[in-house]
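Given next are the chains, with one letter for each unit.
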Amino acid sequence: MIFVSVGSQAPFDRLIRAVDEWARLRGRADVFAQIAKGAYHPTHMKFTDFVDPSEFKRLAQEAQFIVAHAGMGCIISALELGKPIVVMPRRACFSETRNDHQVAAARHFGEQGRIIVALDEREVPEKLDFALDVRDRDRIDTKASPQLLATIRTFLEVAPGSIGKSQSTELKKVPS
Amino acid sequence: MQINKAERRNKVLAVASSGGHWTQLLRVVPALTSFEIVYLTVLESYRLQVPDNRFYFVNDANRWNKLRLITLAIRVAWIIGKERPDVVVSTGAAPGYFALLFGRLFGARTIWIDSITNIERLSMSGSLVGRHADLWLTQWPHLARPEGPHFGGSVL
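So the sequences go chain by chain: A and B.
Its first residue numbered 1, the first sequence is counted upward by one per residue in the working numbering.
Its first residue numbered 1, the second sequence is counted upward by one per residue in the working numbering.
It is worth saying that the hints were derived from the structure and are not from the lab.
Fair warning: there could be bad hints in the mix.
Here are the computed lysine to any residue pairs in the SDA-like style, where the Cα-Cα straight-line distance is at most 20 Å [unchecked claim]:
#	chain 1	residue 1	chain 2	residue 2
1	A	LYS143	B	LEU32
2	A	LYS143	B	LEU156
3	B	LYS11	A	GLU96
4	A	LYS143	B	ARG104
5	A	LYS143	B	GLN49
6	A	LYS143	B	ARG145
7	B	LYS82	B	LYS66
8	B	LYS82	B	ARG104
9	A	LYS57	B	GLU83
10	A	LYS143	B	PHE35
11	B	LYS11	B	ILE79
12	A	LYS143	B	PRO30
13	B	LYS66	A	GLU96
14	A	LYS57	B	VAL50
15	A	LYS57	B	LEU43
16	A	LYS143	B	VAL38
Okay, chain A solo, but in the shape it has when bound (with noise of 0.2 Å):
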């Protein structure tokens, strides 16, 4: 199985219809799509609107691979279910989101190999080609790193109940 999401905010149609037009290609009859009320209705994928973050994590565990928008909600559940995953990122320029922030972060998280980056819905096919012989990887950790824990901890430990800028920015040179 495939699991296809666009995160709960928005459609996200471009990348549907590539998937689609891909499993029509490929003769896939088992990709799963979440699409977000979108105006195209995939005719070679099963399709949903909304999944709850349960039935989410069930449908991603049980994928071979993950294609999704480049929201970090998505490709930060992959990376804790160790599933690998292939993101087109939305753009400012067709309305889908309101800036470019997703094209800078499929390039950052691309760029060191932890997840699949199709740039546009013309990479969409060889994405999903090259994802089908990728296995999946050690899940990481669900907390965040050690260094923003003890930043968040030192920040709340020091003085509570006490407010005011120059304490604050005391705390703010400490760890790093």
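Starting from the known structure of chain A, fit chain B onto it as the hints suggest.
Okay, now just chain B, sitting in the frame of chain A:
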């Protein structure tokens, strides 16, 4: 009845909108273990992920819809007034902005962690919220500035 302040566990209101904001919030919660945590988010379906905590959800909004933004601000202000948290922490976006603003007005200490997705520049809410945040963080060292936001690690 009087509540003995010393015996009351400090309360943190943890705020995030959906998707990556919520995922990142859950990843920083381990830093809050000594607090009573109350959650505020935008999807009721997230309640099952934090079954032991008090939980609020509000309509999400962004700068594309002013009326929804105003409704959101009022709802968030009401929740802050009711809960009176000692600390407000948020990973964004709009609900977190209002939570920090009203949280600070009600005397809470405030923490903003700008989403890891904002690699090239801070989010809109993340840049506006700086003046209301006691701890104002970006997850990217190259976006840190001496006057804030500061870098103190990332959720990954």
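Each hint, compared with the structure:
Proposed proximity of A:LYS143 and B:LEU32 is supported: the alpha carbons are some 12 Å apart, at most 20 Å. In summary, the hint linking A:LYS143 to B:LEU156 is supported, as the alpha carbons are separated by about 8 Å, within the 20 Å threshold. As the CA atoms of B:LYS11 and A:GLU96 are separated by approximately 37 Å, the hinted pair breaks the 20 Å bound. For the hint linking A:LYS143 to B:ARG104, the alpha-carbon distance of about 27 Å lies beyond 20 Å, and the restraint is violated.
With a C-alpha separation of about 15 Å, the suggested pairing of A:LYS143 with B:GLN49 holds against the 20 Å cut-off. A distance of roughly 26 Å separates the Cα atoms of A:LYS143 and B:ARG145; the hinted pair therefore is violated under the 20 Å criterion. A threshold of 20 Å between alpha carbons decides the hint, and for B:LYS82 with B:LYS66 the separation of about 25 Å lies outside it, so the pair is violated. Of the pairs offered as hints, the one joining B:LYS82 and B:ARG104 holds, with about 14 Å between alpha carbons and a cut-off of 20 Å not exceeded.
Distance check on the hinted pair: A:LYS57 and B:GLU83 sit about 31 Å apart at the alpha-carbon level, beyond 20 Å; violated. Between A:LYS143 and B:PHE35 the alpha-carbon distance is near 17 Å, which keeps this suggested pair within the 20 Å criterion. Between B:LYS11 and B:ILE79, the direct Cα distance comes to roughly 13 Å. Compliance with the 20 Å bound is thereby established for this hinted pair. Proximity of A:LYS143 to B:PRO30 is assessed by CA-CA distance (about 7 Å); at most 20 Å being required, the pair is judged to hold.
A threshold of 20 Å between alpha carbons decides the hint, and for B:LYS66 with A:GLU96 the separation of about 19 Å falls inside it, so the pair holds. Among the hinted pairs, A:LYS57 with B:VAL50 is consistent with the structure: their alpha-carbon atoms are about 15 Å apart, no more than 20 Å. For the proposed pair A:LYS57 and B:LEU43, the alpha carbon gap of about 16 Å is at most 20 Å, so the pair holds. Taken as a hint, the A:LYS143 and B:VAL38 pair is honoured in the structure, with Cα atoms around 19 Å apart against an allowance of 20 Å.
Consistency note: the structure conflicts with the earlier hints numbered 3, 4, 6, 7, 9.
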